[in-house]
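Novice: Chains as they are written, first to last, in the working numbering: chain A, 1 to 286; chain S, 1001 to 1163; chain Y, 2001 to 2787.
None of these hints come from the bench; they were simulated from the model.
Remember, predicted model here, so these are calculated numbers, not experimental data.
You may find that some hints are simply not true.
As the list claims (entries may be wrong) - When the alpha-carbon atoms are kept at most 30 angstroms apart in a straight line, the in silico DSBU-like pairs for lysine-lysine are as follows:
| hint | chain 1 | residue 1 | chain 2 | residue 2 |
| --- | --- | --- | --- | --- |
| 1 | A | Lys248 | Y | Lys2783 |
| 2 | Y | Lys2057 | A | Lys40 |
| 3 | Y | Lys2309 | S | Lys1005 |
| 4 | Y | Lys2780 | A | Lys283 |
| 5 | S | Lys1005 | A | Lys20 |
| 6 | S | Lys1159 | A | Lys142 |
| 7 | A | Lys27 | S | Lys1005 |
| 8 | A | Lys5 | A | Lys42 |
| 9 | A | Lys264 | Y | Lys2782 |
| 10 | S | Lys1159 | Y | Lys2448 |
| 11 | A | Lys255 | Y | Lys2785 |
| 12 | A | Lys81 | Y | Lys2241 |
| 13 | Y | Lys2719 | A | Lys81 |
| 14 | Y | Lys2782 | A | Lys248 |
| 15 | S | Lys1159 | A | Lys40 |
| 16 | Y | Lys2021 | A | Lys40 |
| 17 | Y | Lys2571 | Y | Lys2511 |
| 18 | Y | Lys2448 | A | Lys264 |
| 19 | A | Lys81 | S | Lys1159 |
| 20 | A | Lys264 | Y | Lys2653 |
| 21 | Y | Lys2010 | S | Lys1159 |
| 22 | Y | Lys2777 | A | Lys255 |
| 23 | Y | Lys2276 | A | Lys42 |
| 24 | A | Lys47 | S | Lys1159 |
| 25 | Y | Lys2057 | A | Lys5 |
| 26 | A | Lys236 | A | Lys222 |
| 27 | Y | Lys2571 | A | Lys264 |
| 28 | Y | Lys2570 | A | Lys248 |
| 29 | Y | Lys2448 | A | Lys283 |
| 30 | S | Lys1005 | A | Lys5 |
| 31 | Y | Lys2309 | Y | Lys2173 |
| 32 | Y | Lys2783 | A | Lys264 |
| 33 | Y | Lys2783 | A | Lys255 |
| 34 | A | Lys248 | Y | Lys2173 |
Here is how the chains run, residue by residue.
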Amino acid sequence: MRFEKYFQPTSIEECVSLLKEYGTDAKMLAGGTDLVPRLKNKVIRPKAVIGLFSIPNIDKIALTEAGIMIGSMVQLRHLQKAEELGDRYVVIKEAAGHVSSMQVRNIATIGGNACNASPSADAVQGLMVMDAVCKIDGVNGKRDVAIANFFIGPGKTVLENGEILTGFFIPAPKPRTGTAYEKFAIRGDTDISIVGAGCSLTLCEDGTVTDARISLASVAPKPIRATEAENFLIGKKITETIAREAGKLAASNCKPISDQRASKEYRVEMVKVWVKNAILEAKVRI
Amino acid sequence: MSLEKMQFELIVNGKNYIFYSTPDRTLLEVLREELNMLGTKKGCDDANCGVCTVIMDGMAVKSCTILIPQANGRNITTIEGLEGPNGLHPLQQSFIDNFAVQCGFCTPGMILTAKAILDENPNATEEEIREGLHGNICRCTGYESIVRAIEAVRDGEYKDLEV
Amino acid sequence: MNSYIGKGAKRIDAFDKVTGKGLYASDYPNQFPRLAHIKALQSPYAHAKILKLNTSKAENLEGVLGIITGNEPGVDWDQYPKVAVLAVERTIWAGQIVALVCAETEEIAEEALELIEVEYEQLPHVLNYKEAIDPNPVSVVDPDYEKRPVGFTDRPGDRATNRVSPNIVGAFKMNAGDVDKALAEADVIVEGEFWTGRKTASPLETPNAICRYDNDGGITLWSNGAGVHGVIKQSICRILKMKQSQVRIIQPYMGGSFGSRLTPYVELLTVLMCLKVKRTVRFQYTRQQTFTMGPSNWPCYTKVKIGAKKDGTIVGNDYYLCEEIGACLNNSFFSGRLSSSGALPVYGWGGNLRMDTYAVATNAVPAAEYRGLGCPEAEFGIEILMNELAEKLNMSPVELRMKNILNDGENNCQGDLITSIGVKKCLQAVADEIKIDEPSVQDMGVWKKGKGLAIGGKQNTPLGRSEAVVKYNSDGTIELLISCDENGMGATTAMTQIVANEFQCSMEDIKTTKGDTAITPYDNYSASSRTTYNTGNAVIAACKECIDKLKEEVARRYGIHTSKVEIVGKKAILKGSYVQEVDIPSLFVPVSMFTQGNWGLQVGSPVVGHGIYCPAPIIQWDEKGLSPRVWNWWQYSAAAVEIAVNEETGQIKVLKVVSSADTGNPINPELIKGQIEGGVCMSLGFHINEEQIYNRDGMMANANFSDYRLPTILDMPVKDNMKACINPDPLPDGPYGAKGMAESITIPTGPAIAEAIYRAVGVRVDGYPMNAERILKLIKEKKEKEA
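With the hints as constraints, model all of the structure from the sequences given.
Specialist: Printed below as a string of structure tokens:
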């Protein structure tokens, strides 16, 4: 018996009340690609599993003037191929498209990728560089949390007992903004990343950087922003040298660990390389 | 304290199956143990090797990490469902003709993933085929014959076998 | 006259596999309604004392049928394959089985595991060559080595006497010519020390077995193990002291092996439990257990010193090798001799070769066979040094090798006669295809390209007996019964082709049954690429006996000599008789109470031929390690690659591979092409990315398919850049001149890549896997030196 009770609520309210009742003894089932292997290995033994597929309206993509709303139950592959996102939101598609394999992306969800809160999560990196806002509903009513503040540590988010992530709002990017996400993994997307680097650059007409976001995966207990590198870019024009410098700054400010995938020294080296590459790619896409 | 059984329905290869199961089993376990469809294999049980791939509502998915409530009421195609009344599916025949089968353990998952790729993208390039198969491991063939077999179907060499 | 030899006949098992209808051992549980399940409790430490082991709570759980620990009465663990040895007072590798539980359901068995109380006291461990070979190592894996009785497969020459470390548990020395003198007179010396990582074969079907308890106290076993007769049945009868008549082993379709199934571990444990609980039981390893409870390969540490004259004539090789065999207690199999045989098949070494080889035990999972049997590890350093030597002498790597490769009819340094060696053709073919003389064009930015080539050879061990039975039915169709393994390489198809060729009939008229000890005759197993050669020759012998019997019947019927009869499928062609052609089925008479015809050819009763083949035996080597015959024949391969190395990340992209095999005379070129492509892929995997990585407790930290980096489809070159070629040199005693080839493929790709890395970014590797981190480190060290 992998869990004791199964629920499939048909509304947010019903879901929230179950979450409140079971607290940390409940796990939510979205795509299941992170949850199910852990259930099988008995790494987690929840009392209750709550399937989210019958809750309406949390699996849509909606475009507005101000930006886009992505429901938390939107599958990564759907996101990857969503033509309505166009070039302006390309990093959202790109980051989602770097998760594992086609079969996994067919059922894994953007909300699941966020709530699983792995420091190596790829899909959330697109959200990070576009300043996404996490939409939360639950016992505290509705609330918004900036994506950069959503993660606390490995497997831990700001969601409290009785709260559910319903989606993300991504504000429309300013004009002359280019974005990119570079996932560095040995065999390709099916590997967990050794380092992931996302970048968003906004330039003014003469090519000077007015705004920058650099986010990193797999180099800290959670997805982080390389703020020192971001600040370094402001007011500069992007060249290979500047990008390289920013990469070095980003690397000097992170403390990755050594594990079975890579040593910390190698990760630090790769931050230098891939932040540089993400910056240069983002510039090309403006 | 035990987990209660619930009623589930799967439409597998066009046929309706209604059964009772605890909701904590995976689609792979139900297909093999409940419905006796042994063509879908278990390799790593970890969503990495791809031998458990089936097609669910037109999408290739790894059945070892899908809990049965996720599949409830949905259309599943397993390897058993590929043969038509006129014989083998083009991909099956092409895998035979192009020696894309050795030990055969990855073959059902590989063929179904290939079908999903070509159904969505009938003119998939070699690069797109390889990208789509990135989540399917084969230890025997080195993948080249598998690519040749899929391209032969893409290029229309098995038109007369198509349904 | 049709020839089925050299034809790409379609596999006879492909239909079953593409439809999912073919059953593997792991598909059999559905047939047993009251099946009991076995689960294993494993040690988490590489080396630990077991202070307390209490299974009473688990035993009392309802639904638990039996528990086995290392203290099970009546079990002599010394007889068991090393990886199936349960921990007694110590656990000696992380993952070793501490207890086996059998219960009515998998769930109850898993619950029982959690009720077993174990207390460990961790001890220091040694995980690799350097740690283990220390004269005062922190862990002695087998302290009783000297006291143990000699194991049943022991060979006097392989017992270790000069034990520089107490972890040395096997040794072999060979001294041909005078290496010291030769090297002293050399114009140029190249030398190096080389290491290799630990890898796991990882066939996609995990080890599993079902053992049915038969009412007479006997058993029937379905498993994906190798060698139904030679490996599984014989070990069960010997170790568990069962009557041969009571043991039946069946091998359904098998999800790959690559050598890993050649020791009967899951089978023995399943039968042991079955006999204890007297129920039909099943045991399937999880993927993690396949890494930690199933065998790995054996890494090798080598030191090679080669001397040559200015003109490229090699004068001698001083060769040291040590196999890391994992936690093998009472080792009687490893001595370094098997791996170091890789130094023998290709070059003559001017007649001067000294081999000083060892086996060292470590607290890692015990090793067993893996495609190549230590030859990729043994020849890696040799081929790297050959390329280095070519550069030093300003010779082409092709020319240097051509000058020193042995020829047909010559003897290698150990004394074996080489009767089939096509490696020169292989080498030329790959060199031409890759255009080795034209350096790569640097057009990939931060990815620097380079080319490299290498060659390799591997022995076939004379591994005993194969038998075959051929039955010619009264309707002219044929049944073939064989017990060779079908791991996936297509052996059963090739054997069927042989029958089709001998009888000149269509393959549709032949049914091949394999792998059931009650039905199919004896065969040892598929090891050392022996099946085509050994079983193939047995099949030919069986066909000949059956054909001779048919000829006799026809000749007698028509009053002519048997030499004037030819069997062609369902017809007999007669020379010089008043009847020219006879329909053979018409000669079989139906059952009748009124005639004596029941004694001759009768409808429903086939004419049977039985064939046996054994290779000639080994001649024990002398005190110098020399012998005129140790190995049976040799397979060869050459590989040329073009790769790109990313200067910023150290990653390797394999752009183009040309791989060539000397397969004797190929029976089915399509199957061989499949082996070449598959072998290249497997080789790329373990040379570039795969290795076992350990945590602080010595437990494998990447025992899964996420982090143990098997090659995916994106790791192979695109299909137009993967060229497989066959350059055969017929083997005189092979069936139609054929010989096996699937292991040699894995040898030269690694050193070819090493050379290509050198050409691309100017660094020389000294071991593999040549992963991105290691390559980047070498690149950075080089940049720092130059600065």
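Novice: Given the hint that Y/Lys2777 pairs with A/Lys255, does the C-alpha gap stay at or below 30 angstroms?
Specialist: This hinted pair holds, its Cα atoms lying about 19 angstroms apart.
Novice: Need the status of pair S/Lys1159, A/Lys142: alpha-carbon distance at most 30 angstroms?
Specialist: Distance ~56 angstroms between S/Lys1159 and A/Lys142 Cα, so the pair is violated.
Novice: Would the hint linking Y/Lys2448 and A/Lys264 be met if the CA-CA limit is 30 angstroms?
Specialist: It holds: about 25 angstroms lies between the C-alpha atoms, which stays within 30 angstroms.
Novice: Y/Lys2782 and A/Lys248 were given as a pair; does the straight-line alpha-carbon distance stay at or below 30 angstroms?
Specialist: Holds, because 21 angstroms separates the two Cα atoms, which is no more than 30 angstroms.
Novice: Given the hint that A/Lys255 pairs with Y/Lys2785, does the C-alpha gap stay at or below 30 angstroms?
Specialist: Given that 30 angstroms is the threshold and the Cα spacing comes to 28 angstroms, the pair holds.
Novice: Given the hint that S/Lys1005 pairs with A/Lys5, test it: the Cα-Cα distance must not exceed 30 angstroms.
Specialist: holds, 10 angstroms
Novice: Measure nothing beyond the straight line between the CA atoms of Y/Lys2571 and A/Lys264; if it is 30 angstroms or shorter, mark the hint as holding.
Specialist: violated, 74 angstroms
Novice: Need the status of pair Y/Lys2276, A/Lys42: alpha-carbon distance at most 30 angstroms?
Specialist: Holds: Y/Lys2276 and A/Lys42 sit about 29 angstroms apart, inside 30 angstroms.
Novice: Is it true that the CA of Y/Lys2021 sits at most 30 angstroms from the CA of A/Lys40?
Specialist: holds, 27 angstroms
Novice: For A/Lys248 and Y/Lys2173, compute the direct alpha-carbon distance and say whether it is at most 30 angstroms.
Specialist: violated, 54 angstroms
Novice: Mind checking the alpha carbons of Y/Lys2309 and Y/Lys2173 for me, to see if they're no more than 30 angstroms apart?
Specialist: Holds, at roughly 26 angstroms.
Novice: Run the distance test for Y/Lys2719 versus A/Lys81: straight-line Cα separation, threshold 30 angstroms.
Specialist: Holds - the C-alpha atoms of A/Lys81 and Y/Lys2719 are around 27 angstroms apart, at most 30 angstroms.
Going through the hint list in order, the structure does not satisfy hints 3, 6, 10, 12, 15, 24, 27, 28 and 34.
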